[in-house]
Amino acid sequence: KFEGTNGAMGSEAEKVYDRQIRLWGAEAQRRIGSSSILVCGFGGVSVEVCKNLVLAGVSVTLCDETIARPSDLATNFFAVPGEPRGAGCCPKLQELNPYAVVRHIAEEEGVGAVAAHDAVVVECGSATRLGELSAAARKGGVMFYAVRADASGGGVFADLGENFEFREESGVGQSAKLSDPKTLRYVPWGHATKVPPQLEKLFDGAPQEPQLPFVNAVVGGLVGQDLIKVLSRKGKPIHNCLLFDTALYK
Amino acid sequence: VIEEEERYAQVQSALGREGLSKLARSRVLVVGAGGIGCEVLKNLALTGFEKIVTVDLDTIDVSNLNRQFLFRREHVGMPKAVVARTAVLGFNPRCSVEAHHANIKESKFSASWFKEFAAVVNALDNVDARRHVNRMCLATGVPLIEAGTTGYLGQVFAVSKGETACYECFPKPTKTVYPICTIRATPDKPVHCVVWAKELFKLVFGAKPEDSMLFEDSTVEKHSAYAELAAKTRDDRSVMRALVTALFHDDVEKQLKAGKYDEASRKPSSVTVNSSGKAPKQEPGWDRRVWEPDECGAQMVFAAQHIPLGTEFDKDDDDTMLFVAAAANLRCLNFGIDRPSLYAAKGIAGNIIPAIATTNAIVAGLQVAQLVRILTKSPDESIADVTKYTYCLRDPMGRMGYLLQPTALDSPQSTCYVCRSAAVEVALDTHSVTLKAFVDDVLKSKLNFVEPALDVGESGIYDADDDRLNANLPLTLAKLPAGGLVDAVVCKATDYATDLELTIVIKHQVFPEDEEQYRIAGAARDELHTAKRGREEDDVAEADAKKAKLAD
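If you read the sequences in order, they're chains A and B. Okay, so the first sequence: first residue is 1 according to this note's numbering, each after it adds one. Okay, so the second sequence: first residue is 1 according to this note's numbering, each after it adds one.
Warning: the hint list may mix true and false statements.
[To be verified] The calculated lysine-lysine pairs, modelled on BS3-like cross-linking and capped at a C-alpha distance of 25 Å, are:
no., chain 1, residue 1, chain 2, residue 2
1, B, K105, B, K377
2, B, K281, B, K232
3, A, K15, B, K281
4, A, K177, B, K377
5, B, K105, A, K250
6, B, K105, B, K189
7, B, K315, A, K15
Hints in this document: simulated from the structure, not taken from any laboratory. What you are looking at is a predicted structure, and each value in this text was computed from that prediction instead of being measured.
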């Protein structure tokens, strides 16, 4: 009955997105719905981030040819043991939202694909890989997030560029108020110094096992929400790292 | 076989064989399979909990799909608990999941049923059900992990009987009730007009028009210009056109002429509505723009034709919502208030709370993290030692940019009538309130009793299980046996369902007609006998000591 015939957002999508549009508004939804992220290394945190973003309407390109193992099932709930993580998870991730586009590319195409996306999320990256991807992100004006987690907690590093412009928002929906534009300056991955001890594992590309599903859920939720802010240019993002401590719930 | 062992390899590495085994053996209840519930269930299944019970009374709606990720479009209309169960088994076939499409307040979910659980995880969206689960967990000593989310904000905390504050230790905000005169005569906000429109809906289409705020029975002296037409429209929808004119033009003129608004700061003005035209065209953006008066009139007429008598308000019924939005718009126009679009009116009329996946995901992760800590803690650690009241913030706060803010759990509050046997004082008009009203409005509605019984001293006054006392129901409180429930009388209310005993002190007080007819407060200590007071003071000292120990 409420069927619309044209417009960038068909009314069927609006019905699905209703509860989030009432929070961040139609304009932010338009930006979110026309954004895409590249995910290099599809581990336990990334699957949570992707789940959150695809539900919101963000398109996702997966870049991970590692063959999924049975032990991945604890944390990557879309993984199919024996299949490459990117390709194997695509169908189930796509099912979450027909209005977002979920696809996968070969690992060697990763660095080259960065510039075609609004943000890149890297998990389980070696120090070298992280260096390549972060440089490509800086060059292409693409947001860069490096994430990791293990049982003790999680770490996130963000590089949103030399001049990230956004507005803060207070209130929600129709009574929301936007601030004047603000800018934040970020440090590129390669130039980061004074790395906190808890984040060293991220910078070293250390393996992140064992993982716990509920830790990934918290980190993935925090990163997901940060990306939504960044893609909609509304709300203050992390500047420039995030640490989660499982035992302290902090 | 190898695959199954490897499934838990990471969790076992983190928690140890003993820890993993403990989780697998623990029976966990998740109340609610919606936004938070879907995320909790996923976390439990992946972490190695193999005995899961999910209860939810709701069915799946398309507006759930932006966050309740266990559900797909083809599941719309199906029970949430049932579909969630299937999805969970897909994540971990080793789980056994019991799904109940039911209300957690039903008697089959008895105290002995609750007692089987190692812990309860709440994933609810309403205070009423939370209070009930709180009481069941207190009655059985089962740890409860509470959580709530609203938009970008969330909080998680544990409730442990006797050790921490319970869910009801701190009064929760109750639903806003608007005074009748504001709705009927002096609105000044869009919400007042939306409420008015819902009351109009009840008057014209509801099964019991006498329940509407706009109802006028035959004893009323000065009838409104619309009363008779509203009654006629119930049987003949073609009268709607005349009703629209009566509502937004004739009655406003009538009230103004009668001098009703002579002293008022905000005077309404009548609107001439031509409702013989077309309803708003359903093109892109039509639900976001503010409709013109004639469109609203036409919309009301058109929608009315498709609304059968006996329809209850449902924000998801298209015709209902169209009618209410149009009526609210015209009412706002009468009173010079900002008119809402259909989209805005629906949000107000349906009390829609904005919701997203991320906040729920964070909160559910924290809940399961706390659950695992509780179940794997060492015997000398208390629940308050290993959990926190954690707030999820919208933006990074302070110099450290915190997004999660954990604080120490509160101790039980000595004023709590649920977990601390504190007494309450109920103020009401003992000469006009009947026992039935007391049971329904005070005991059940305000104090959340499920199966109440009421005693004064040795005398039974009311008992949900005993029909012989039903003769007392129509009597006013003052006229009840054993001297009646009059000023300063102390009575005892018991809830069989939740094992709760409550001491109530009656206070006789008459309230103005358009205000709340009951006031409930903590009872003054010296109105109770000494033995009880002595026990409370011990509790206070104990609680203060614990708080000092817990403080960072």
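Okay, the hints, checked on the actual structure:
no., hint, verdict
1, B:K105 x B:K377, "violated, 31 Å"
2, B:K281 x B:K232, "violated, 29 Å"
3, A:K15 x B:K281, "holds, 18 Å"
4, A:K177 x B:K377, "violated, 45 Å"
5, B:K105 x A:K250, "violated, 34 Å"
6, B:K105 x B:K189, "violated, 36 Å"
7, B:K315 x A:K15, "holds, 13 Å"
Checked against the numbered hints listed earlier, the structure breaks hints 1, 2, 4, 5 and 6; every other hint is satisfied.
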